[in-house]
Amino acid sequence: MTLLFRLYYTAHAGNYFCFVFFLQDDSVVPEDNNGFKQYDMLGALDMDTMMSDIDSWRKDPERFMRQRDLNPELTTATDTDVFVLIVEGFLIFNYRPLNELFDRRYFMEIPYDVCKRRRSVRVYKPPDPSGYFDGHVWPMYLKNRQEMDITVSDIVILDGLKPKEELLAAVCHDVCEEIERLREKD
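With my numbering applied, the sequence shown covers 1 to 186.
Among the hints, erroneous ones may be present.
As the list claims (entries may be wrong) - Calculated cross-link-like contacts (lysine-lysine; reagent style DSS-like; alpha-carbon spacing at most 27 Å):
(1) 116 to 37
(2) 37 to 185
(3) 116 to 143
(4) 59 to 185
(5) 116 to 185
(6) 143 to 125
(7) 164 to 116
The set of hints was computed from the structure by calculation and includes no laboratory data.
It should be emphasised that the depicted structure is a prediction, and the values quoted were computed from it without experimental measurement.
Model the full assembly from the supplied sequences, consistent with the hints where possible.
Shown next as structure tokens:
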């Protein structure tokens with residue numbers, strides 16, 4: 001279970017959480033000179049749809065969630081309810097219009113060897129071709145990370161080698177404090 005879903009199950013009581021995911025159809029994802037699909041580029045993500053959906057959510061989160069049946073236990077919102085939209089992805093901080101909307105930013109980093117080992121045990125459809133991690137995934141991570149480091153501020157870097165419970169506790173504490181701050185503001 002990812003940190004995102006652990007956060008949802010830990011912090012959602014009394015709040016409304018919504019998740020959105022936006023990948024382009026595989027047929028439009030560009031290939032590099034080696035024939036590797038370039039999933040680690042903004043062009044692999046449907047940023048127009050993502051921004052449109054996020055804008056709809058920001059205008060009326062309750063309606064957005066009802067229309068998509070994203071929270072079946074949703075009842076009439078009260079004045080103290082806080083709606084939380086979590087955007088997860090490996091390039092979300094590299095797209096400036098999206099990055100400017102975030103109240104909180106978290107980036108989990110792990111070293112090369114751990115990343116390669118973890119990726120090697122995951123099942124992808126289609127599966128990674130031989131050499132894909134070293135030939136594409138890691139070089140694109142380094143490129144995108146460098147761009148993020150230059151252009152993004154107010155980001156919390158999480159050490160992905162720490163125990164999952166410790167990471168969850170830190171992020172959950174921070175998110176819950178932000179929710180309380182928003183409640184008091186209104």
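Here is how each hint holds up against the structure:
Between residue 116 and residue 37 the alpha-carbon distance is near 18 Å, which keeps this suggested pair within the 27 Å criterion. Taking the CA atoms of residue 37 and residue 185, the gap is about 45 Å. The hint is violated against a cut of 27 Å. In summary, the hint linking residue 116 to residue 143 is supported, as the alpha carbons are separated by about 17 Å, within the 27 Å threshold. The suggested pairing of residue 59 with residue 185 holds, with an alpha-carbon distance near 18 Å, which does not exceed 27 Å.
Under the criterion of a C-alpha separation no larger than 27 Å, the hint pairing residue 116 with residue 185 is inconsistent with the structure, at around 44 Å. Only pairs whose Cα atoms come within 27 Å are accepted, and residue 143 paired with residue 125 is accepted, the gap being roughly 24 Å. About 19 Å separates the Cα atoms of residue 164 and residue 116, which keeps this hinted pair within 27 Å; it holds.
In summary, the structure is inconsistent with hints 2, 5 from the numbered list given earlier, while agreeing with the others.
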